[in-house]
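Chains as they are written, first to last, in our numbering: chain A, -6 to 626; chain B, 87 to 206.
Fair warning: there could be bad hints in the mix.
What the hints assert, rightly or not - EDC-like cross-link-like pairs, simulated, lysine to aspartate or glutamate; straight-line CA separation at most 16 Å: (1) A:Lys76 - A:Glu96; (2) A:Lys472 - B:Glu203; (3) A:Lys79 - A:Glu108; (4) A:Lys605 - A:Glu452; (5) A:Lys215 - A:Asp198; (6) B:Lys122 - A:Glu303; (7) B:Lys197 - A:Glu391; (8) B:Lys197 - A:Asp432; (9) A:Lys247 - A:Glu293; (10) A:Lys402 - A:Glu293; (11) A:Lys411 - A:Glu272; (12) A:Lys76 - A:Glu64; (13) A:Lys394 - A:Glu293; (14) B:Lys197 - A:Glu444; (15) B:Lys172 - A:Glu564; (16) A:Lys289 - A:Glu391; (17) A:Lys76 - A:Glu108; (18) B:Lys127 - A:Glu564; (19) A:Lys504 - A:Glu129; (20) A:Lys131 - A:Glu108; (21) A:Lys394 - A:Glu406; (22) B:Lys202 - A:Glu425; (23) A:Lys504 - A:Asp453; (24) A:Lys394 - A:Glu263; (25) B:Lys202 - A:Glu444; (26) A:Lys402 - A:Asp198; (27) A:Lys612 - A:Glu452.
To be verified - One-sided and incomplete, this derived list gives chain B residues near chain A with beta-carbon spacing under 8 Å: (28) Cys133; (29) Phe136; (30) Gly141; (31) Ala142; (32) Ala144; (33) Arg170; (34) Pro193; (35) Leu201.
Calculated directly from the structure, the hints in this document are not laboratory data. Quick caveat, the model's predicted, so the values are computed rather than measured. Here a beta-carbon is modelled for each residue, glycine too, at the ideal position from N, C-alpha and C.
Chain by chain, the residues run as shown.
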Amino acid sequence: MPKSKSSSVGRRGFLKGAAASAASLVVKPESVKAQQVAQRGSNSSAAIPSDAALERDLGGREGPPPSQVIEHPGSDFMVDVLKTLKIDYLGSNPGSTFESLHESLINYGNNTMPEFLTCCHEESAVAMAHGYYKIEGKPMMALLHGTVGLQHAAMAIYNAYADRVPIYMIAGNHMDASIRRPGVEWYHSAQDLALLVRDYVKWDDQPASLQHFADSAVRAYKVAMTPPMGPVLLIAHHEIQSRPNTETNLRIPKLTPTAPPQGDAAAVEEAAEWLVNAERPLIVAQRTARTPNGVKLLVELAETLQAPVENQERMNFPSHHPLAGTGGPGYQPDVTLCLEVNDVSGTARAARARAARVISVSSLDLFIKSNVQDFGRYADVDLDIGADAEATLPALIEAAKKLITPDRKRAMEARGAKLAEAHRQVRVQRVEQASYGWDSSPISLARLCGELWPLIRNEDWSLVSWQGFINSWPDRLWKFDKHYQYIGGQGAGGMGYGAPAAVGAALANRKYGRLSINIQTDGDLNYAPGVLWTAAHHRIPLLTIMHNNRGYHMEVMFVEQQASLHNRGAERAHIGTKLWDPNIDYAKMAQAYGMHGEGPISDPNDLVPALKRGIEIVKRGEPAMIDVVTQPR
Amino acid sequence: MSRYLVSVLLFFVLPAAPQDSVSKQASPAPDAVRGKELYVKYTCYACHGFDGHGGAGARLVPMKMLLPVFTAYIRSPRQMPAYRAKVISDAQLGDIWAYIKSIPESPAPQKIPLLKELSQ
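Model the full assembly from the supplied sequences, consistent with the hints where possible.
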């Protein structure tokens, strides 16, 4: 078919003209002739895209006829539905599979509830939502582009799934093959799009009508927020978004949250009896405190039993509480209570070896999938309560209190005094350990965290990064006593989570005026550093302090170990693991993305002034980055 | 059991250590400058920090092991990867040992105002 000779400027014509104009801006004088030849449609290799190239890029897409107006696209109704869920933000990297919904969100929906946050990578959008939930306790949305965007998002979705974090995701798709245009619309479409991530989303659906969308949108929210929580995915077909809404009697169902499941009464009483009569009980808390009330309840249980609390992952228990810790050297628990612990098998195995008992209270038993193996090894515990731990704590506390006799109370008080002394000794040891390498350059992580503490302790602060790669120095030196002061880790150990999760958590902290602190590993940041721009663009205050050890440090050690096993030297362990030659200039990176950046700082004496400057900027409502060259771990 | 105690025990338990653990040949005197280069080359820093004050691995400073104990431990450690004579010679280990010996100790926590305050 011959090309149209019409003078009207369609999308292809507009782009081709723009490309020609852009080419003319950079073309050298001597190539003007070549350009002119190109404009006449010769076979010149000038920068103007050929029709075939445009065909490839646009997938044969033409815009709708200029005269066509769709007053009430289906995507407007989708926005009506989403507004009932009261989702504050959505993160997205734009894509044509949801172009109609995008436009409806920002114009019809007035870009509020949810507000559209521009992300430079879908993994960033989902990981931001991950961090956001951990502070705010409600889901953020991620809007994803067909096959390509969803696959970009996949790692972050898996992290959230393994971390039991609800994320509300919508992905666009071109379902009706008969109206797909050639090219990208085919590449970006799938028969069963959610299949790409179904192993690690809690629920998904692809509504076939607007009413179906309304029903499933509300159900998705409800499923995501019911323990064990997890990410959910709705597929919004392009044709349903973009066609006029002609459906009548559409109804948006009411969202009725599902009450979290509480443990069976008899099992809870048995657990209480074991714990009250234990000589050396231990509580292990992993993803226990879903809310601030979870922290209060855990403190109440620990104090009722005078049992130490080993805190893992998120902020579950105040770090300076006399019962924080594992009980000190030689404390061999005879009853261990695991609260939302993902893999209890190690604890169960150790307990079996000394004829001790293990109780597990976890919602994970209520929902399990087969393919990805995040559930850990089967644990033959002695009492297994399939329930949400936080929802079960009130009944457990009450049952324990009823069982405590005066004799048991005296024994518990005596134990509590010993535990408090053990806790005190551990704290003294930690401070002593912090002195090791205090004056070192590169800067020790203990010094980095130690010097930061006096600068933030009188602020309303929140640590929005994982402590696993920084030897838990904040936990060792700082005083954590609020739920929002620590968000924990990735979930599935997938790198690239840290920076976007910190930005998402800082977004949630923003409205409370909290000072968000991100101690950022360099390897993680380099997965998708564009999230720094998102923080700058959306004015998200966040102090990022680089833990810049110039490498994927864990892997250096792994390769070293393998070299030893193979009886070879470790002098090549840096190959494939180090980020040097050239060193990455994070201060310039931050500046390039539009935020304050300074460093690299290697002299510990330069640290405090730089941190102070960064904090001042963040307190003004902007992000800032301080690049600190650090010891490996 | 402290690492120091383990080291002392190793010293007495390993007098008949493998031939590669204590060289019979005359070696040059341990050299701390060479040792620093080897410490980095063999990525000792990855676990022990660039100046031996620890990290993921044990703190090496102050170095309390005698050189033969240090060498025997590296050949047959309890936790860290082993490095045999094929990989690092006894003379090289001597240099690394000398470097670690030369690293100044960290200040005591009581002499660091911030840590002194935190310990109270």
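Hint-by-hint comparison with the structure:
| no. | hint | result |
| --- | --- | --- |
| 1 | A:Lys76 - A:Glu96 | 15 Å, holds |
| 2 | A:Lys472 - B:Glu203 | 13 Å, holds |
| 3 | A:Lys79 - A:Glu108 | 11 Å, holds |
| 4 | A:Lys605 - A:Glu452 | 13 Å, holds |
| 5 | A:Lys215 - A:Asp198 | 13 Å, holds |
| 6 | B:Lys122 - A:Glu303 | 40 Å, violated |
| 7 | B:Lys197 - A:Glu391 | 48 Å, violated |
| 8 | B:Lys197 - A:Asp432 | 12 Å, holds |
| 9 | A:Lys247 - A:Glu293 | 35 Å, violated |
| 10 | A:Lys402 - A:Glu293 | 15 Å, holds |
| 11 | A:Lys411 - A:Glu272 | 13 Å, holds |
| 12 | A:Lys76 - A:Glu64 | 20 Å, violated |
| 13 | A:Lys394 - A:Glu293 | 10 Å, holds |
| 14 | B:Lys197 - A:Glu444 | 15 Å, holds |
| 15 | B:Lys172 - A:Glu564 | 13 Å, holds |
| 16 | A:Lys289 - A:Glu391 | 14 Å, holds |
| 17 | A:Lys76 - A:Glu108 | 11 Å, holds |
| 18 | B:Lys127 - A:Glu564 | 5 Å, holds |
| 19 | A:Lys504 - A:Glu129 | 10 Å, holds |
| 20 | A:Lys131 - A:Glu108 | 15 Å, holds |
| 21 | A:Lys394 - A:Glu406 | 14 Å, holds |
| 22 | B:Lys202 - A:Glu425 | 9 Å, holds |
| 23 | A:Lys504 - A:Asp453 | 12 Å, holds |
| 24 | A:Lys394 - A:Glu263 | 13 Å, holds |
| 25 | B:Lys202 - A:Glu444 | 13 Å, holds |
| 26 | A:Lys402 - A:Asp198 | 53 Å, violated |
| 27 | A:Lys612 - A:Glu452 | 10 Å, holds |
| 28 | Cys133 | 6 Å, holds |
| 29 | Phe136 | 6 Å, holds |
| 30 | Gly141 | 4 Å, holds |
| 31 | Ala142 | 4 Å, holds |
| 32 | Ala144 | 10 Å, violated |
| 33 | Arg170 | 6 Å, holds |
| 34 | Pro193 | 6 Å, holds |
| 35 | Leu201 | 5 Å, holds |
Hint compliance for this structure: hints 6, 7, 9, 12, 26 and 32 are broken, all remaining hints hold.
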